[in-house]
Amino acid sequence: MADVAKVAVESPLPHLDRLFDFSIPEALDADALPGCRVRVRFHGRLVNGWIIERGPTEFDGALQPLQRVSGPPVLTDEVLGLCRRVADRYAGTFTDVLRFAVPSRVAAVEGRPPQPPASTPAATDMGVWAPYGLPDQGVSTWICHPHDDPFDMLARAAVDTVARGGGAVLVVPDARDVRRLHAAVSALCDPELVAVVSAEASNRVRYRTHLQILDGSRRIVIGTRSAVFAPVTDLALIAVWDDGDDVLVEPQTPGWHAREVAALRAWQVRARLIVGGYTRTAATAQWLVDGTAADVRLSREAARERRYRVDALVEPDADRRRIPARAFAVVRSGLEQGPVLVQVPRAGAATGLICAQCGHPIRCSRCGGGVRPDRAGRPRCRLCHELKHACASCGATDFVGVGAGSQRSAEELQKAFTGVPVIRSDADSGVLDTIDAAPSIVVATPGSEPRVPGGYAALLVLDTEVLLARSALRAREEAARRWMAAVAVTSAGAATMLVAPQDLPVVQALVRNDLASLADMERQERTQAHMPPAFRCVRLRGTSSAVSEWLAGYSGEVLGPLETADGSEALLLASRDRASGMLHAVQRIQADRSKAGRPPVEVRVDPVDLGEG
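So for the sequence shown, my numbering puts the first residue at 789; every next one is plus one.
Any given hint could be a false lead.
Stated by the list, open to error - What follows is a set of in silico ranges between Cβ atoms, one per label pair, in the way DEER data are often shown:
| no. | residue 1 | residue 2 | range |
| --- | --- | --- | --- |
| 1 | 1316 | 905 | 21 to 29 angstroms |
| 2 | 1331 | 1364 | 26 to 34 angstroms |
| 3 | 1386 | 1004 | 44 to 52 angstroms |
| 4 | 803 | 1333 | 14 to 22 angstroms |
| 5 | 951 | 1078 | 26 to 34 angstroms |
| 6 | 1316 | 829 | 51 to 59 angstroms |
| 7 | 1039 | 1386 | 21 to 29 angstroms |
| 8 | 967 | 1034 | 17 to 25 angstroms |
| 9 | 1145 | 803 | 53 to 61 angstroms |
| 10 | 1366 | 1386 | 23 to 31 angstroms |
| 11 | 915 | 1207 | 22 to 30 angstroms |
Simulated from the structure, these hints should not be mistaken for laboratory data. It should be emphasised that the depicted structure is a prediction, and the values quoted were computed from it without experimental measurement. A virtual CB, placed ideally from N, CA and C, is assigned to each residue, including glycine.
Start from the sequences, fold in the hints, and give me the full structure.
Below is the structure:
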């Protein structure tokens, strides 16, 4: 019996997430290979699909033939398997994931002869990693010292991997990071070995780059989140930098996180995985508890010798001005040495509540979620939706809304320091990459801090309560991540001042230079609340009737449903040993509802914005 093509049809409908058999016309037999795009007639329409395999059919009737083969194979078996695992991990469909793994076809760049191979680099000096004790295999969760250069360190790890005969994929949050990492890698090896995968590139460039990676001429891939799927030959190293940045989460269905995809892929091909940042996420802290990752950070002795200075206002009630006198003193002293960075949160309406008496962010005593005014102005937890009328820290009942912006901060500082240039770097005024080392005050929002030769002479972090009072489950983790990113652009020995109560755990973590303990505390608290990473969480969103109908077919731990501004929301929770069963149940219910034509319900697994809204 002649082979048939087993095709995954591109469709958003969950009940079509399986393979369909199509006959192969003789004229297409030589070209119809696994990994090729095809056009097929499906339910009376011409649609796109992918040949996953060829083999005998169990169908007795006549099969529809393939209509066209579109180009050469561009999907490898390894990436195919990864896409299937990611779809199952996020309760999605195979083709929903596949669209991020392979760029759109541009026929004009096909058929070009492969480039001659670039010279293999010599083994590079890995001495920068020596104080960290980086293992040469397995999974590592890495806390980088803020005055080390993580891009140089990752570049050396990648080039060393290629020198040993392997390939490497390096994933970073944004285009600025891509440029820095690309420069670091290109300084250590032939740039022709390196490919950049970024959403900023045109379809033509992305597809040409994909083909170059496939033919093995590009051994190191650098890029944003979708680079994690790059079909690198002999993949031996995957690295994800700053895994707490939520831009590493794909906003479109099924909402995968590059860190989790990297972990699945590293397990699948037995590659080394390095996940790092200036802080540690609760997710990778869980890996340490599970025994699946190594704890990579400076030794106690090295950390003591390279201690960075972070201070906080010890008695916030003594000076409740937005920029207290001590903060002005830090700026004034720093200006004697060079530029001073002032980090402020994004402008906007009140993003949370703080206690008017003790200054602590108002958080839910039940689940730890942030509290903010609801539509009626009542203080309500954005995670479990309970009303909260008292501060969990001191019991006071008077709350204050918080929110600030860079424009207001720049105006205040300009009045206080006449004659000193005050520079803004933010989405409204424009993000600067660099400034010179002349004395100035730079007011920047998180992620927009320009770099300066030698680093800033001082750092002032204002309105800390805005980040801490966010209603998200990850509020403290995110605050620490943003503040440490600012510390990382200061000079060694520079003073950092957080305008925040010193007794807050997140503040203490920075003051003590102990970000590992903060990550573990976050992990423990979320475990007690049955939240990720110790538990898998599936968020359902849809109309009230659709969510209620969906839940009628599910048995398991559920929070909700609760009414929201856009309909209804519910959370499904399961310990990780039962997570696979929960996710399979979600996929089954989604497929059954899709087949029956029921109203859609949005599914997100372990959403990073849990508690916001």
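Cross-check of the supplied hints:
no., hint, result
1, 1316 with 905: 21 to 29 angstroms, "violated (54 angstroms)"
2, 1331 with 1364: 26 to 34 angstroms, "holds (31 angstroms)"
3, 1386 with 1004: 44 to 52 angstroms, "holds (47 angstroms)"
4, 803 with 1333: 14 to 22 angstroms, "holds (21 angstroms)"
5, 951 with 1078: 26 to 34 angstroms, "holds (32 angstroms)"
6, 1316 with 829: 51 to 59 angstroms, "holds (54 angstroms)"
7, 1039 with 1386: 21 to 29 angstroms, "holds (24 angstroms)"
8, 967 with 1034: 17 to 25 angstroms, "holds (21 angstroms)"
9, 1145 with 803: 53 to 61 angstroms, "holds (56 angstroms)"
10, 1366 with 1386: 23 to 31 angstroms, "holds (26 angstroms)"
11, 915 with 1207: 22 to 30 angstroms, "violated (45 angstroms)"
When held up to the earlier numbered hints, the structure conflicts with 1 and 11 and fits the remainder.
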